[in-house]
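> Those protein sequences? They're chains D and Z, same order as listed. Under the numbering used here, the first residue of the first sequence carries the number 1, and numbering increases by one thereafter. Under the numbering used here, the first residue of the second sequence carries the number 1, and numbering increases by one thereafter.
Incorrect hints may have been included.
Far from chain Z, some chain D residues (derived; all Cβ distances over 12 Å) [as the list claims (entries may be wrong)]: (1) 67; (2) 90; (3) 173.
Label-pair ranges, simulated between beta-carbon atoms [what the hints assert, rightly or not]: (4) Z:424 <-> D:15: 25 to 35 Å; (5) Z:322 <-> D:197: 52 to 62 Å; (6) Z:383 <-> D:70: 25 to 35 Å; (7) D:125 <-> Z:323: 40 to 50 Å; (8) D:139 <-> Z:497: 25 to 35 Å; (9) D:19 <-> Z:503: 51 to 61 Å; (10) D:19 <-> Z:411: 45 to 55 Å; (11) Z:424 <-> D:197: 30 to 40 Å; (12) D:62 <-> Z:503: 51 to 61 Å; (13) Z:383 <-> D:62: 56 to 66 Å; (14) Z:424 <-> D:55: 55 to 65 Å; (15) Z:323 <-> D:139: 32 to 42 Å; (16) D:70 <-> Z:323: 38 to 48 Å; (17) Z:497 <-> D:70: 20 to 30 Å.
It should be emphasised that the hints constitute simulated quantities derived from the structure, not laboratory data. Ideal Cβ placement from N, Cα and C applies to all residues, glycine included.
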Amino acid sequence: MISVTAVSKSRAHVRVLEEVSLAGAEGTVTAIVGPSGSGKSTLLRCLNGLETFESGGIDIAGHRLEPGPHAPNRLELLRRDVGMVFQQFNLFAHLSVLDNVCLAPRVVLGVPAADARGRSLELLDRVGLRSFASARPATLSGGQQQRVAIARALAMRPRVILFDEPTSALDPAMTGEVQEVIVDLARGGQTMVVVTHDHAFAKQAASWVVELDAGRVARQGPAADML
Amino acid sequence: MMNPCGTRRSLPPPAADDFIRGLLTATLCSLALMAGPAAAAELDEVRARGELVWAADQEGGGPHVFPDADDPRRLTGFEVDFAALLAEELGVKPRFQQGQWDRLPLLLGRTADCVINGIELTPERQRDYRCSRPYFAYALQLIGRRDAPPDAVEKLSAAGPGGRWRVGVLTGSAAETFLRSRHDLEVDVVGYDGTIDSLEQVSSGVLDAALMDDCIFAFYADRFGRLRAVGRPFAGGFYTVLSARDAPALSAAIDESIGRLIADGRLKALYDRWDLAGRQQMLQIRDATEVPPATRRSFGELLRDALPLLLRSAGMTVLLSCLSFPLAVAVGLAVAVGRTYGPPVLKPLLAGYVEVLRGTPLMLQLYAIFFLLPKVGLALPALLAAIIGLALNYSAYESEIYRAGLKAVPAGQFEAALSLGLSKWQSLRHVLVPQAVRIVMPPVTSDFIALFKDTSVCSAITVIELTKRYSVLALATGRIVELALVTAVLYLCMSWPLAILSRWFEHRLEQPAGPQATGEPAT
Numbered sequence: 001m002i003s004v005t006a007v008s009k010s011r012a013h014v015r016v017l018e019e020v021s022l023a024g025a026e027g028t029v030t031a032i033v034g035p036s037g038s039g040k041s042t043l044l045r046c047l048n049g050l051e052t053f054e055s056g057g058i059d060i061a062g063h064r065l066e067p068g069p070h071a072p073n074r075l076e077l078l079r080r081d082v083g084m085v086f087q088q089f090n091l092f093a094h095l096s097v098l099d100n101v102c103l104a105p106r107v108v109l110g111v112p113a114a115d116a117r118g119r120s121l122e123l124l125d126r127v128g129l130r131s132f133a134s135a136r137p138a139t140l141s142g143g144q145q146q147r148v149a150i151a152r153a154l155a156m157r158p159r160v161i162l163f164d165e166p167t168s169a170l171d172p173a174m175t176g177e178v179q180e181v182i183v184d185l186a187r188g189g190q191t192m193v194v195v196t197h198d199h200a201f202a203k204q205a206a207s208w209v210v211e212l213d214a215g216r217v218a219r220q221g222p223a224a225d226m227l
Numbered sequence: 001m002m003n004p005c006g007t008r009r010s011l012p013p014p015a016a017d018d019f020i021r022g023l024l025t026a027t028l029c030s031l032a033l034m035a036g037p038a039a040a041a042e043l044d045e046v047r048a049r050g051e052l053v054w055a056a057d058q059e060g061g062g063p064h065v066f067p068d069a070d071d072p073r074r075l076t077g078f079e080v081d082f083a084a085l086l087a088e089e090l091g092v093k094p095r096f097q098q099g100q101w102d103r104l105p106l107l108l109g110r111t112a113d114c115v116i117n118g119i120e121l122t123p124e125r126q127r128d129y130r131c132s133r134p135y136f137a138y139a140l141q142l143i144g145r146r147d148a149p150p151d152a153v154e155k156l157s158a159a160g161p162g163g164r165w166r167v168g169v170l171t172g173s174a175a176e177t178f179l180r181s182r183h184d185l186e187v188d189v190v191g192y193d194g195t196i197d198s199l200e201q202v203s204s205g206v207l208d209a210a211l212m213d214d215c216i217f218a219f220y221a222d223r224f225g226r227l228r229a230v231g232r233p234f235a236g237g238f239y240t241v242l243s244a245r246d247a248p249a250l251s252a253a254i255d256e257s258i259g260r261l262i263a264d265g266r267l268k269a270l271y272d273r274w275d276l277a278g279r280q281q282m283l284q285i286r287d288a289t290e291v292p293p294a295t296r297r298s299f300g301e302l303l304r305d306a307l308p309l310l311l312r313s314a315g316m317t318v319l320l321s322c323l324s325f326p327l328a329v330a331v332g333l334a335v336a337v338g339r340t341y342g343p344p345v346l347k348p349l350l351a352g353y354v355e356v357l358r359g360t361p362l363m364l365q366l367y368a369i370f371f372l373l374p375k376v377g378l379a380l381p382a383l384l385a386a387i388i389g390l391a392l393n394y395s396a397y398e399s400e401i402y403r404a405g406l407k408a409v410p411a412g413q414f415e416a417a418l419s420l421g422l423s424k425w426q427s428l429r430h431v432l433v434p435q436a437v438r439i440v441m442p443p444v445t446s447d448f449i450a451l452f453k454d455t456s457v458c459s460a461i462t463v464i465e466l467t468k469r470y471s472v473l474a475l476a477t478g479r480i481v482e483l484a485l486v487t488a489v490l491y492l493c494m495s496w497p498l499a500i501l502s503r504w505f506e507h508r509l510e511q512p513a514g515p516q517a518t519g520e521p522a523t
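Bound-form chain Z, shown alone (with noise of 0.2 Å):
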């Protein structure tokens, strides 16, 4: 799912150095995918294309970038009319270039020309990527419940009722990078991939509070009538247009035709035909100052800050995998019984269980026990939701590897155990699983490393594992090689204890069950 390089279960079961050497490879093609040489187009490559490729989110993107409510297929948006203009004032055509928020600027160089989608102008920005001259200013927006605290920004500094303030934001937002350099406020800071997220979770009560740009609210206001703006904005900055470094002249391009939408009033026009002010964000754009660069620090400076977090974030991933396979091996285990020996009435069932578990892909389940659950009243912690998700679906492959296992077992096993005066269920107990077990241990053990894999789509709940850590720290720091190459030996340190300690079971199980099976000292 997240490895880009192989399958998520490949049959054959991989011995610890196979195991080791896909995940070198695995690791090599991201950085590949990540770092290869980006030959940036410049501005005369872009008009004689005669199209501007510009990158945002339509996900949960109002007001910037959105599916128009009449015809889902057009995308609106004040950014969608900005591109247009921008690219009519460079004399080509605008084209649209959908990508993850978080990740938009990676697609530079490569899918894309510049992007344009309510980034925040920032040092770390300045000094990565070419940053145009502002084209909107925004500023934060605190959003609580109607009936319940915080009443005002303020009271983040002292805990609340239920202790420590929960508040959602967009993950790599200057939301996020607020609330995580403000140490003095009593916040636990939940990161999403989208805005809608962090309303719908402040509306169903799993958090007090999201922080979000001040536009994005007052576009879905009208939407979560439970919501309220808390205080008044604050802590503002302004939206860029990124290119790449090495596109100096498309950048210069840019930065003119900015200045002749603000000169010609057409930029006004677009805001207010937006109804975001326009004559304030022209007062506020037209003299911004000049946003210095940051300054790139050493090595050694960037893993003091990076490590920490990254081993956090690894024990996360070991600690999602090792709660969640075993429940997932003991309930496959319970549905494979069932499907084969159980009542007729509890087979279709089960098998519909499985085909539903199987059918669909892990994200959506981790959404629906996420933010489906809270709309009936069970919410969930990000992590539990997390840990059940992984289970269900990691049990419906289980179940069907064991039923294989069950089916495996001679049939004259059974009929030795009954004709003991053993009944069906001491036999399916004593005789018949444990050997299934030792059956399926290969595949078994390989799904577990797939499963070890898999912990990254939680991410997707809020639950930052190690995949997610790295991703939003190489972004917000621009070391994205440097990052990888220690994330993948922390990775390594993880699987190749895992591969050896899968090789020393399977290994165990070979020798005969026998005096240990039933508590017997041996002979």
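In isolation and in its complexed conformation, chain D is listed as follows (with noise of 0.2 Å):
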């Protein structure tokens, strides 16, 4: 389901990913640990190629990302297969909660708005979220907004869901709630790649674990051995 081969990637004339290989099977969760500064945003806005790479290729979702530039209606094809959760939500300010669940499905796929509709407050339901669908975004806590963003990348039906430290902007009360939601998802079957601080969350949520430092692979095995 996801292959990286020997990724590098400069910046600045700084190496931030250095020849970074690793593998996810269909189902599985990988989390991807190591200090601030390792690398691990980096990578994981390489799998949906929100950033380019130098060299290696990445395989995901049965799409291919070669170095340099992509072409953008191959990206959109590839991305809605490949969702994002983001540290800082970002959900759209201007939108209740549920049009932001709604808005890809319906512009991007197509789907009629009555079964976009009907789809996005089953997802909100499932986060736990379904009595703030008319509520601004604004209005939610950290915890509950994150959720939401959750939601809204499970409604394009992705093979494949990126978390860049999904909890790091949250205080400790409203961590658990969304860990919860991804341990569930992952409990599902969902294909996830987790990039955390959270070691305990980590072998909590993931089934194989990947140290970077630096720029590269210091190491990585099955979450309970490594962590």
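Make the complex out of the two chains shown on their own, each in a separate frame, by following the hints.
If you want it as structure tokens, here you go:
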């Protein structure tokens, strides 16, 4: 499902990723851990083409990413299958919670309004936020916003979901509610890649752990052995 | 541009109350400027100063007052020579004061002692100012194209091949008064700020004809080879020197001076020098009978006549604003998106568009659209030219506002949209632009109000909106203060709802777009 082969990337003449390789099977959760600045987020952003790389290759959800700039239409197709949840949630501030979830299926896939709406309400139910459907994102707590962001990613029925430090912007009380949703998804067999600082969470959610240090893979192995 | 008491764009968004307060202040300032106590310089002051300040408009002012072709810094014209003779008779030197022709009388007692600029002697002027004895006789001349109708003045009483005749006049001139009083003619009168403008427009086919003083056409005829005098001059009158009501001694001294200039032949010699048939002029002005002053009408009568005209012009102000602003916003938004997210080749072109439109005056742009485009075969009706001109000019400002708005949307919003599979344009349309629009609502509202006021510039291309109508009516009737109050009330009646409407709109945009944006009922 995911295969990263010898990916290298520099930024302003500094190597941020050096010959990174990893693999993730369908239905598994891969955690990427490591100190700040080790290249975790950059690697994750390479997986859905938000960043380019200079050498190596990425295969993800049946799509191939080559070094250098990516063709926009190919990226659009890839991103239908590879969702992303950001550290800062990035919910669309001008739309209601429900419309945040509805937008992509309607605009990208052309799902009829009523269908998109019904499915979005189901997803909001799944993350426990159905009653907030017509609220503005800004009126929600951080934990609630991140759960909406997860529902928004799920609305596209992606084969892979990427999480970029999903709980780093949350205080401990809210971390739990978000982690619970992710662990629940893992149990349901959703293929995921999670960048995190939280080793306990990584151990709970992931089956495979990759540890980066200064842009290189320091070590990787089954979660039970690594953490 | 037209408001004397404020800058055109004030950055902080004006709340409705601030706006109305500003409008009132501006109105009061204008009133004070126009109707403040005018202590006119009397004869003894003029003599003590050693200068007679005479006002005229040198723009398109031949043969009266115009810049010398050989030395544009020097003014020439028969009235320049006449003013020199007059000053000499009073024992002082002449000094020229420039002003806009239809507003020259407002300079009396402020920056000018008298007005010498083809001012026709009328009962209204007799009532409102001191008018000298005539110094020149004129008649009205109809001018058309050699190859097109009308070929006689009488033809104006029936519609032409293209419907009603479009005839250009100098705003506030005897020609305009004459045409507007002749309801039997099938004529649409188009008022211009200069005489050359209307000749240009006849020549380029925008107008069917122009009506002006015969001496003006005689002077410019050689420059407009395609134009001809239609029929003989008719409906004549006299030019008078205006001075302020409270300067009787100055006015009497001017009368005596003109008498001496006529008697000793110096005025005849002057007219002969300018090829203005001196002998005939003398015959006509020597024994001209006095024009009786008009009676002053009651406020009710004034309102009955003026209000319908003012209301119609207020409608024009609203029409101009409401048609041009949405266009400006649409073009501005497109330019902003192109500059921020468009292909690199487009960016310098769009930047150039913005800088050219922002860096040149609206007045010049309107002139270019209205007077220059017909020369390349694209003659736009004045209203359309005004709407396009306002829309283009404001689109440059709107695009900068939207560009700032787009930059103010957090980068994460774009990334989130892209990561859901939206294309760049889908992201712009559904995520970035809607948020940018909300951010820039206050400055855009403020610009709408600025445009609302800037519509007054359109009078330069013959579109008569409220400010211009007020100015024409105030000068024609001499009721400057009363009409200013009526006009201010009309502006308030328009701007108050406007301010309330924009606040409501701002408030509405602060709600989540949600179901409305996606066309679904709310949960």
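> Next step is simple, just say for each hint if it's right about the structure.
Now for the hints, and whether the structure bears them out:
{"no.": "1", "hint": "67", "result": "holds, 20 Å"}
{"no.": "2", "hint": "90", "result": "violated, 4 Å"}
{"no.": "3", "hint": "173", "result": "holds, 24 Å"}
{"no.": "4", "hint": "Z:424 <-> D:15: 25 to 35 Å", "result": "holds, 30 Å"}
{"no.": "5", "hint": "Z:322 <-> D:197: 52 to 62 Å", "result": "holds, 57 Å"}
{"no.": "6", "hint": "Z:383 <-> D:70: 25 to 35 Å", "result": "violated, 51 Å"}
{"no.": "7", "hint": "D:125 <-> Z:323: 40 to 50 Å", "result": "holds, 49 Å"}
{"no.": "8", "hint": "D:139 <-> Z:497: 25 to 35 Å", "result": "holds, 32 Å"}
{"no.": "9", "hint": "D:19 <-> Z:503: 51 to 61 Å", "result": "holds, 60 Å"}
{"no.": "10", "hint": "D:19 <-> Z:411: 45 to 55 Å", "result": "violated, 29 Å"}
{"no.": "11", "hint": "Z:424 <-> D:197: 30 to 40 Å", "result": "holds, 33 Å"}
{"no.": "12", "hint": "D:62 <-> Z:503: 51 to 61 Å", "result": "holds, 52 Å"}
{"no.": "13", "hint": "Z:383 <-> D:62: 56 to 66 Å", "result": "holds, 60 Å"}
{"no.": "14", "hint": "Z:424 <-> D:55: 55 to 65 Å", "result": "violated, 26 Å"}
{"no.": "15", "hint": "Z:323 <-> D:139: 32 to 42 Å", "result": "holds, 39 Å"}
{"no.": "16", "hint": "D:70 <-> Z:323: 38 to 48 Å", "result": "holds, 44 Å"}
{"no.": "17", "hint": "Z:497 <-> D:70: 20 to 30 Å", "result": "violated, 52 Å"}
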